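With chain F's structure known, arrange chain P on it following the hints.
Chains F and P, in that order, give the protein sequences. Numbered per the working numbering, the first sequence spans residues 42 to 157. Numbered per the working numbering, the second sequence spans residues 36 to 149.
These aren't lab readings, by the way, just hints derived from the structure by calculation. Just so it is clear, the structure is predicted and the values come from calculations on it, not from any experiment. Here a beta-carbon is modelled for each residue, glycine too, at the ideal position from N, C-alpha and C. A portion of the hints provided could be inaccurate.
To be verified - Residues of chain P clear of chain F, computed beta-carbon distances all greater than 10 Å:
#	residue
1	His45
2	Ile46
3	Ser49
4	Leu54
5	Arg104
6	Gly141
7	Gly142
Claimed, not checked - Think about it this way: if two alpha-carbon atoms lie no more than 27 Å apart in a straight line, the pair counts; the simulated DSS-like pairs of lysine-lysine are:
#	chain 1	residue 1	chain 2	residue 2
8	P	Lys136	P	Lys96
9	F	Lys109	P	Lys136
10	F	Lys65	F	Lys145
11	P	Lys103	F	Lys145
12	F	Lys65	P	Lys84
13	F	Lys109	F	Lys145
14	P	Lys96	F	Lys145
15	F	Lys119	P	Lys136
16	P	Lys84	P	Lys96
17	P	Lys136	P	Lys148
18	P	Lys103	P	Lys131
19	F	Lys145	P	Lys131
20	P	Lys131	F	Lys109
21	F	Lys145	P	Lys136
22	P	Lys84	F	Lys145
23	P	Lys136	F	Lys65
The primary structure of each chain is shown beneath.
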Amino acid sequence: DAGVIQSPRHEVTEMGQEVTLRCKPISGHNSLFWYRQTMMRGLELLIYFNNNVPIDDSGMPEDRFSAKMPNASFSTLKIQPSEPRDSAVYFCASSFSELGVNEKLFFGSGTQLSVL
Amino acid sequence: AQSVTQPDIHITVSEGASLELRCNYSYGATPYLFWYVQSPGQGLQLLLKYFSGDTLVQGIKGFEAEFKRSQSSFNLRKPSVHWSDAAEYFCAVGFKAAGNKLTFGGGTRVLVKP
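Chain P extracted, bound-state conformation:
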């Protein structure tokens, strides 16, 4: 079965610093890849997605992610973090063979220091 791993449970970053969140998946086929963000007390919101084509994808709020097939990774980055980026971030993986089923990672909680 496919799995999604987010190795970092918590990350603390200073405002203005860069941020990188790691995501690794396990499956034989090329997946569809997503990053979602969850603010406290809210549902998840899609940041960006990769289906095919350019492996560097741009999302909302200044985020980007890069698909690296050789590493089975889809890491999320932001060059300069704002206090409003404090939230929990979820990587998710889907496969066409699995239809509409997404598998979510355990999430990474990001804390932003002033």
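Isolated chain F, as found in the complex:
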């Protein structure tokens, strides 16, 4: 299995531009998570999906952030417009969850986003 695949690996953009981060979860997993990691705030959960449905988006910072999961094998996180304070590493993770318990997250290698 290739694991959780994220693209791009690095993204450098200018303030005000739209940024789209992509994630392909592990086949068969039914939960998908978007995390953001910064030095100041550590690892923060932005949103997670279960069976392609957004369950909890309380971590999404503001309306500039949106996430979609059109099918079980693909998700996007979009920032529009981007701001320098959005610079961070964004991780996608997936898992197979039974009975509401998330036993093990598999993380992608992350997207390093720099907004100039």
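Quick look at chain P alone, frame taken from chain F:
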């Protein structure tokens, strides 16, 4: 709201020495507890987890952790550290009532001296 505290931001240990990383959580119910490791430039990898049963759990790479309910702690240990253990370690807590949501601690960066 639940919280997870890793009191040590950095720990430096000599190769071959023992290692203990601290983790404390706050919540009323019994949590699900995890330790993840992150190597530079990589995502997180699960080391071990505790859901129920024996409070001393064994994980990969020779790590173990002990759940102590009275202290609300889940400290990670390794008897003899290898240079390849240099990484950042994250404690995470989940609760069945919270569904699939994990709360991560701030992480502890481990440096290994030759």
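Which of the numbered hints are not met once you compare them with the structure shown? 6, 7 and 17
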